[in-house]
Amino acid sequence: MHDTATTFLELGAVLFVLGVLGHLASRFSISPIPLYLVAGLAFGHGGLLPLGASEEFIEIGAELGVILLLLTLGLEYTAEELLYGLRRQASAGVLDLTVNAVPGVVAAFVLGWGPLAAVVMGGVTAISSSGIIAKVLGDLGRIGNRETPVVLSVLVLEDLAMAAYLPVLTALLAHHTLARGSLTVAVALGALVAVLYIALRHSEKVTLLVYSARSDRNDEVLLLRSLGLTMFVAGVAQRMQVSAAVGAFLVGIALSGPVAEGAREVLTPLRDLFAAVFFVFFGLQTDPAHIPSALPAASLLAVSGVITKVATGWWAARRAGIASMGRYRAGAALVARGEFSIVIAGLAVVAGVNAKLGPLAACYVLLMAVLGPLAARFVEPTVRTFRRWSQRRQPSGPTVTGDV
Amino acid sequence: MDVEETPLPGIGLRHDFSTRSGRRLGVVTRHDGRRDLVIYDAEDPDASRESITLTAEEGDVLSELLGAPHIVEKLADISRAFAGLVGDQIQILAGSPYANRLLGDTQARTRTGASIVAVVRDHQVLASPRPDFRFSVGDVVVVVGTPENTTAVGRLLREG
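Those protein sequence lines, which keep their order, are chains H and D.
This note's numbering puts the first residue of the first sequence at 5, with every later residue one more than the last.
This note's numbering puts the first residue of the second sequence at 2, with every later residue one more than the last.
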């Protein structure tokens, strides 16, 4: 029983440290993600505390964390909301994804990592963190703001794009030929369309698999059935090489109504646990010795990542008829990157694309998960100060304050 | 008065409107039942100056204080509790054959299968009206049943 004892000791220490870090994060109202990553870097190979016995558990826990992250993301949205976002902000979504993928793609080519790493890095820099952003908007009391639907629509489109992107990436990483890859992609896209159709027309039938509205709500039944269904579908998706995460996302979308609400409530604690394990696992796989050398590239990517997100948010908000200050708020709100960048980078790290990719992605997310909430918080004073400053420089110039 | 409705993907629904005094006011209805009362900034029309999150219960109390019967939410609860059943509200119009007649005269349950569970008159909810209840023009009749049955009650109350 020596092994069990060691596993418990290690896991206990890790989870307790994460708890303390989570407390610190909520105390200073920042995202816990960067702290979990740092914890992962501190443990494990080349770190302060090597984790031997519990590595297997952490690895499976991390996989579960990805599934739960995508499942709860899918539960957030109804199929109607996805289609609404697609109709309203499709062009903003396309601009957002292209403009924000470019820095990552360019970085991969400049560093000489090749096209596969470019596909990965494009995804890492393109997808914002809907978790961090939703929390920041709530904390800053901006849920009711008129630019907020624009921000949310862009996030919805990113999430939909991810449902198409992850299978492509999975196929490419598995070293399929392009033909085999496009077959997988066709299967994934077909599944996405089918699930959206089912969710729109027959979601009550899918919902019955998890919970029947006639009986009283039973959290235990709801938890076991929704988790069971999700893992089963994720397993099928993985077997078809479509990516387990996408399977989980589609289950989340197909469930709707009060059941989705209930499932989200019972699954959230589980997601918090395994998502934290996932961030630690990513940190564990990253050798902290590589972090300093990744820092310059990550900083450059962070600067361009802030600029490109602010620009797309600004443009999307202007299209929706939002006034000047609201456009900057929308742009700054989108800056944060987090869980999904790590999910994407994690796939590449497991596939062994490039040893330096993990440290760069970790560094990038560390910066962006911290910069994002700061950008959202300080965008208004910054824009005002800048305007005052530019007015003072050209006293005869056109006044812009009337536009605020 | 124009009330604007905007979906907030992943959060819920926002309704907002301008008051006669020139301020903009909104309510965000979240999926989990909470409400946010939003008061917009007078200078920046896109920004909320105040945003107060209310629990479902606090929202009910506020709406009661503002004088509105929250019958719609009650109906939503009913239809959620009994799958397949819907609640519907039917107003007694001036031309209705049942204006100024007794509820029992409609024989609604026998003829359609749906039940009349309440009547709203002058913002007052009269629950479980008896067969000797007399309808008057402007009453809003609340029926519960399958979608076909409640539609049939609507036809009955309009056309006889």
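Hints in this document: simulated from the structure, not taken from any laboratory.
Glycine residues also receive a C-beta, built at the ideal position from the N, C-alpha and C atoms.
There's no promise every hint is true.
What the hints assert, rightly or not - Covered stretches of chain D (chain H as the covering partner; in silico rule of three or more C-beta atoms under 8 Å from a C-beta of chain H): (1) 10-20; (2) 30-44; (3) 55-67.
Stated by the list, open to error - Chain D residues, not near chain H, derived (Cβ > 12 Å throughout): (4) 7; (5) 27; (6) 95; (7) 97; (8) 126; (9) 127.
Okay, the hints, checked on the actual structure:
1. Three residues within the 8 Å Cβ limit are the bar, and the segment 10-20 of chain D against chain H gives 5, so the coverage statement holds.
2. With 6 residues carrying a beta carbon less than 8 Å from a beta carbon of chain H, the segment 30-44 of chain D meets the three-residue requirement, and the given coverage holds.
3. Counting residues of the segment 55-67 of chain D whose CB lies closer than 8 Å to any CB of chain H gives 0, which falls below the minimum of 3, so the coverage claim is violated.
4. Non-interface status of residue 7 of chain D relative to chain H is broken: a Cβ of that chain comes within 12 Å, the nearest being about 5 Å off.
5. Against the 12 Å criterion, residue 27 of chain D falls within the reach of chain H, whose nearest CB is about 5 Å from its own CB.
6. Distance check for residue 95 of chain D against chain H: the nearest CB is about 37 Å away, which clears 12 Å, and the non-interface claim stands.
7. In this structure residue 97 of chain D is separated from chain H by more than 12 Å, as the shortest Cβ-Cβ distance comes to about 34 Å.
8. Distance to chain H confirms residue 126 of chain D as a non-interface residue, since its nearest Cβ pair spans about 24 Å, more than 12 Å.
9. Taking the minimum C-beta to C-beta distance to chain H, about 29 Å, the non-interface status of residue 127 of chain D holds against the 12 Å cut.
Hints 3, 4, 5 from the list above are not met by this structure, while the remaining hints are.
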